[in-house]
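Kindly produce the complete structure, drawing on both the sequences and the hints.
Chains A and B, in that order, are what the protein sequence lines are. The first sequence runs 1 to 113 under the numbering used here. The second sequence runs 1 to 883 under the numbering used here.
Just some of the chain B residues that point at chain A, by a computed CB distance under 8 Å:
| # | residue |
| --- | --- |
| 1 | S30 |
| 2 | R35 |
| 3 | F57 |
| 4 | R60 |
| 5 | A70 |
| 6 | L71 |
In the EDC-like style, the derived pairs of lysine to aspartate or glutamate whose C-alpha atoms are separated by at most 20 Å in a straight line are:
| # | chain 1 | residue 1 | chain 2 | residue 2 |
| --- | --- | --- | --- | --- |
| 7 | B | K398 | B | E61 |
| 8 | A | K63 | B | E25 |
| 9 | B | K554 | B | D637 |
| 10 | B | K64 | A | D13 |
| 11 | A | K63 | B | E66 |
| 12 | B | K327 | B | D154 |
| 13 | B | K726 | B | E573 |
| 14 | A | K63 | B | E69 |
| 15 | A | K63 | B | E23 |
| 16 | B | K64 | A | E45 |
| 17 | B | K247 | B | D733 |
Keep in mind the hints are simulated off the structure, nothing from the lab. What you are looking at is a predicted structure, and each value in this text was computed from that prediction instead of being measured. Each residue gets a CB set at the ideal place from its N, CA and C atoms; glycine is no exception.
One-letter residues, chain by chain:
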Amino acid sequence: MTDQAQLLPGTLDLLILRAVSLGPLHGYGVLLRIGQISGNALLIEQGALYPGLFRLVRQGLLKASWGTSENNRRAKFYELTAAGRKRLREETASWNRLATAIGSALAAQPEEA
Amino acid sequence: MKLLDSLRLRIATFFQRSQVNAELEAELSSHIQLRADDLERSGVDRAEAERRARIEFGGRERYKEECHEALGGNFLESLIQDLRYAVRVLRKSPGFTIAAVLTLALAIGANAIVFSVMNAFILRPLNVPQAQSLYAIWRPDVSDAHESYPDYLDLRDRNRSFDGLIAWNMVEAGLDTGQDPSNVWVYETSGNYFDALRLQPYLGSFFHASDEHGPNSDPYVVLTHAYWHNHFRDDPGVVGRVVKLNKHPFTILGVAPPEFHGTILFFSPDFFVPIVNHGQLTLDDLNARGSRWVFMVMGHLKPGVTPAQATADLNSVGSYLETAYPKDDGKMRFSLARPSLYGDYLGRPVRAFMTGLMLLAGLILLAACANLGSLFAARAADRSREVALRLALGSTRKRILRQLFTEAVLISLVGGAIGLCGSVVLLSGLSAWQPFARWPIHLAVNPDANVYAVAVLLTLASGFLFGAVPVRQVLRTNPYEVVKSGSIGRAGRRITVRELLLVVQIAICAVLVTSSMVAVRGLAGSLHNDFGFELQNIMMVDTDLSMAGYSGEKVPPMQRRMVDALQAIPGVESVGLADNVPLGEGSNDSTVFSDNTSDLRPSNAAADATLFKISPEYLHAAGTALLSGRTFTWHDDKDAPRVAVVNREFTRKVFGSPTKAIGRYFKMLDGTRIEVVGIVEDGKYGSLTEDPQPAMFRPILQSLSSSTWLVVRSNRDPQQLAAAIKGALQKLDPGLPFFIQTRYKTLDLTLFGPRMATIALGVLGVMGALLSITGISGMAAYSVSKRLRELGIRIALGAQRSEVLRAALGRPFKLLAFGSIAGLILGVLASRVLAFVVYQATPRDPLVLAAVVLAMALLGLLATWIPAQRALRIDPLRLLREE
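Right under this line is the structure:
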């Protein structure tokens, strides 16, 4: 547990979009998928997922529909809309730019006099 | 559109809340079930799996709340929640709520009233179409707009900048409609008046430029809507009726639109009469070029003409007039002015006064906000445990701040609504008010949409302003610390900005209280002073005989008959007659010269004396004491030697001393030698605050005047006496309008300024007092609640009640004393200024000083009552248990 990193603010939405981009998922499924694709390195409180999902639905990036889960429970499934797909592309690109910049800044060697 | 959509969505989600809720509930349950399934699969039993799944999920209610927020549907609901909660909290402390609402109601009401007056006087133009391009022709050299009629005609016909130039003048005339004669106020206007102002008649028709064919050629009147409504009861049949003005027949043509009240603010006429008929209403000559009796010349600028171009154009007409009529038109330089307040003549003082008032009202509102802010801060400190608890339970700071703001804005809205309602009532009263029965002065200050908008804006702004004071306090609240240790009391010794502000407020309050008391005392005293005439048991009748067609040699016999008729009324002791009376409606000044002056130039004058033309009985009837010599008889007529009675100041100015003045002569401007036959006491003639002025009284038979005041001395009941006077005068001439009032009433005009100053100071004093009360009580409440624990310990250690009070309220009282003393000193100094306005206003009056001290002490008592009660009720046991 102690190895898990706190989420940076604003990154939860990106992770949700990425998780759902691989196929429709219910809420709990999104959580599992994030754990799976991040190698369980991120700490997400389970309930905190839902305000994020609702926010993305309201922005028209996700759409939701009720269905049945693999073990026959009723659940709400989320999938990406066209706008969601576009947003994921943009956010991914901008995240990569940021990560590269921060990474190279941190890697820079001090110039010794 | 976007805003509307989002609003609709929010409202829709608000009403679909239960459905959304059920769905959300189902989704979260499904999540927990799915998680529990997984846990079960890893070997935990079902009950334990579900318990662990719920714990892992976290604060379910909080996430539900956040989901609602994410959906955007929470706004209205939490608003209603906040409102309900705010109402409940405020109802629990009615003292605080009433004080806060009252303070705001007063502050917002004051602002609404002042802004409404400013709006009516300065921001709103005259009520005519396209008022923005309407300008009056101003003469900067003499600072007025008067022109002679022939000059007006030249200006009208020779300028190229105005779209029709109009002239108008106001006069008082006697109206005879067949029954009760009355005096009316008339605008004499040029024929093009209504057409150039682009007005349409409400009823009938207007007169036009084409109706003018020389002097007295156009005997028509147009009624104002108000006069038609009040005196003809909206009778459409008046058109075509013939009425008599000053005994001359005029035909009613029509009625002006209801929103039109003439072409200057304040002075609303009853009638409009063509200016070419001027000769029938006055004795002036319409065509004398040197006689500048036309009150104002004005018009719309043509489209595209700038004021500067128009001024240049007018000045070129002016130089033509200077060369063509050098004798009458010495210097003709013009500028343009806004007509509504008679250019800068009324405009500058009104603007300055209103700006000052607006500033003051703004300051009052700011001070009110500051005080309410500290009251709110005190409450927030009291509620720090509640706030901390809510924070600990997972409420966001944003939510708590919203709650506090809801409370503040709720208070400000209620206060603002009450203030606005009060101001609307007051303003409509002010609009209907006629300060002088004798004059058609109206202040149309009814609020319009602008006023309401400003009031609402101020209300909201002040709610947010004082609501914002405790924000920092809440943001810094550390729930852990507060719950653990209770609020931390720190008794600061440093003087804070808030305290300084409070001292300033108290000082200003004390200044206002001091000066309003000085003003009240001065005003009350001013009616019991010696003015050189008496006020008690005297009735005044004023009229002008020209209104009933008397002129020249027909005037004196009629005046004699009037005196005799009133003298015959039972219970009348004496009747005097004069062309004008002291402290009446303005006075006639004459330059006088000593007898040995031969070069009668104004610079050689011995004095500028107020002149009254009086009948023999006048001095006795008015109660003006004759110090030596004799008064007049009816034999001092035009065939007798010219004589005068003068006052002591006159003898001092002209002869050097009152002794041996009797029998000596002085000269008038026209060279007439006049013998002094009597000396009377000095008096007040123009205003109550003036220095002694020279005055002279001359026999009315030696210098005729149709202006007539009758001074009736009698100790009969004023109402009965007025009825008897009315009957007697109507028997003499049923067509003569006149105005009867007591001598006290005639002083209304003179006392208007002092009375208004006193009322204004009183109102401001009350506001200042209220502000100080909320300020002090806010601060006292804060200091008590901050030091609650310390006080509790003191009580537990055996402190006396007085010691507790001293500890709790010593500082507020010190501030009060400091502010009061500073204010009292400043107030005494300010009263010297007040003495210019209010007669005999002096702060060196033990009664005033005692009253101020008493008022301030009372104010302090009132303000600290509730906090003091609270400090005394502290129960150390409970307090120590709780904290």
